[in-house]
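Engineer: Residue numbers (numbering that gives the first Met the number 0), protein chains in the order written: chain A, 0 to 327; chain B, 0 to 327.
These aren't lab readings, by the way, just hints derived from the structure by calculation.
Hints are not guaranteed to be accurate.
Intra- or inter-copy, both count: the list cannot distinguish identical chains.
Below are the SDA-like pairs computed for lysine to any residue, each with C-alpha atoms no more than 25 Å apart in a straight line [stated by the list, open to error]: (1) Lys197 with Leu65; (2) Lys92 with Leu268; (3) Lys197 with Glu168; (4) Lys92 with Thr29; (5) Lys92 with Asp34; (6) Lys241 with Asn127; (7) Lys92 with Asp252; (8) Lys241 with Arg94; (9) Lys92 with Arg229; (10) Lys197 with Asn127.
There are 2 protein chains.
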Amino acid sequence: MNHQHSICLGDIHAAAERIRRLIHRTPVMTCATIDALAGRSVYFKCENFQKTGSFKYRGASNAVQLLDESQARHGVVTHSSGNHAQALALAAKVRGIPARVVMPRNASAVKQAAVRAYGAELFLCEPNLTAREQAAAEVLARFGGTLIPPFDHPDIIAGQGTAALELLEEVPALDAVIVPVGGGGMLSGWCLAAKGMKPGIQVFGAEPRGADDAARSKAAGTWLPQTDPRTIADGLLTSLGKLTWPIIRDQVDAIYTVSDAEILSAMHLVWERMKLVIEPSAAVGVAVVLSESFRQLPGLTSVGVVLCGGNLEIPPLGSPRDQERQSS
Amino acid sequence: MNHQHSICLGDIHAAAERIRRLIHRTPVMTCATIDALAGRSVYFKCENFQKTGSFKYRGASNAVQLLDESQARHGVVTHSSGNHAQALALAAKVRGIPARVVMPRNASAVKQAAVRAYGAELFLCEPNLTAREQAAAEVLARFGGTLIPPFDHPDIIAGQGTAALELLEEVPALDAVIVPVGGGGMLSGWCLAAKGMKPGIQVFGAEPRGADDAARSKAAGTWLPQTDPRTIADGLLTSLGKLTWPIIRDQVDAIYTVSDAEILSAMHLVWERMKLVIEPSAAVGVAVVLSESFRQLPGLTSVGVVLCGGNLEIPPLGSPRDQERQSS
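With the rest of the complex left out, here is chain A (with noise of 0.2 Å):
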């Protein structure tokens, strides 16, 4: 246990008690030809049947838990375009408090209309980080409320880290969890979680190539930001986190990477064979697994990887190719 760091296991262990009632307990799932395809044993802890459809809702249930009574009374506050959004307006619902979301101008109405569906109210910003860091102070300031962020937290770490232990109370004999990197909340509480149960476990990052900076960070040794962040795994375009980096920095095994086609791909292939709806932030792990240089480390028989989640805009589905009048 590295006592430096802002939370430890306890801390994991006591989100898991505080949000037990509010959250689904996922179900992990297996899949034999992904099993074949990645030469060992994968289980899949399917947090894309999380509330909100990702992991997102443990972290924001517990940070908006722990909120005192005279702080909560004010409601809570964040800028996000994704999943934090709609997991923190749902939290804060179920407490019974307000929650204000500021998102930038061009988030997908679907996500604008999730958001509204779960009770906050909507700001909206121009799409980039300084008018949405402004934005939500202004928000603060007129206001007041606690200010949630999506990842830079220990509240938010901890709940995270809660499905590394569901995953690892049933899945013991797990040798390795891979788990995508963006912030940096779901890694380092996942690793914090998953070395606290198991010290021998390997915890792997799993990364777009083209928003690299948590493998350029650990093989630089030092924090890099990520610039100009060009994948279609777009949970995982932010830079890592003042508590984050450290973390991943001392604790985490290695960050693989992998291209926008082989996230595609896995992508993919987990809707057509496991039947799962995931978005391509949630394949990055599963890319990993099925990659070259991943299937090459020895002495892994047992790999864990998370689905983080599964929103993503599904297209109308229709226009039915030729239909065969034969069936069964």
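Given chain A's structure and the hints, the job is docking chain B onto it.
Structural biologist: Structure of chain B alone, referenced to chain A:
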């Protein structure tokens, strides 16, 4: 219980015991969004997670396991362009016997490849029922073996009914179940199982409006064939069979029909909100539970719906929309 039919509850219990270690006991899932839209609690039996991607593996396994040694040695034969072909191929492989499958020449490359991947020998024929039956007869004459039809067979019906036993064991409070109907193997098996376990339960068929022979037959009180079916639900194109029709006539409470637009909309909802890949035929039951006419039915607090399969060709994913550069 109705003893004039070809099978009874005891056959279904025996099938369940026989195939228990061969099949997946599939999960039952729920969705708060769909409950709200349906106006009641809906429990989804996820046969899209069944081996080979559909419920068909239950019946095929039961039929193959029931062959005696001298029959089994000569293998099994069927003609099918769909899920039954894959199911029979794997069931035969598991028993270690040959499977020979007649498929129409225009069956998709993916389906042909899937059947071959399960180790079956493929025979292509012209895409019409006469050519298929003739090709199957030729294969039988040449190689011997046992014809295992896709639905109109007592062992198939009994096998399909086992999923209903599992669902009622897990959710005994169900007031009704909704089951898609093509040839009627699943609907008749589910009906015998559900009414056998719980005599008061209501059993409804779900049928595409463009292939509504079951609804028309029930209304007429006499078997009417399906001619020129037109629907995206390509697993539900066939007419009822000699064994399935009397069960459906005597025991099914009603057949509800839905349009292809309703089917596609239900399929989209399940993909987007439940994160489950289901095929159009599986969406037919979902469309019924969401339909205004079904919503009006009184006294149904808890309803089971079978998601019968998840096999469809998923187009290559990609052509990412404008990616947002700021995330989580």
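Engineer: Taking the hints in turn, state whether each one holds.
Structural biologist: Status of each hint after checking the structure:
| no. | hint | verdict |
| --- | --- | --- |
| 1 | Lys197 with Leu65 | neither (27 Å within a copy, 46 Å between copies) |
| 2 | Lys92 with Leu268 | between (35 Å within a copy, 23 Å between copies) |
| 3 | Lys197 with Glu168 | within (11 Å within a copy, 36 Å between copies) |
| 4 | Lys92 with Thr29 | between (34 Å within a copy, 21 Å between copies) |
| 5 | Lys92 with Asp34 | between (40 Å within a copy, 19 Å between copies) |
| 6 | Lys241 with Asn127 | within (20 Å within a copy, 66 Å between copies) |
| 7 | Lys92 with Asp252 | neither (38 Å within a copy, 41 Å between copies) |
| 8 | Lys241 with Arg94 | neither (28 Å within a copy, 57 Å between copies) |
| 9 | Lys92 with Arg229 | neither (34 Å within a copy, 45 Å between copies) |
| 10 | Lys197 with Asn127 | neither (41 Å within a copy, 59 Å between copies) |
Violated hints for the displayed structure, listed by number in ascending order: 1, 7, 8, 9, 10.
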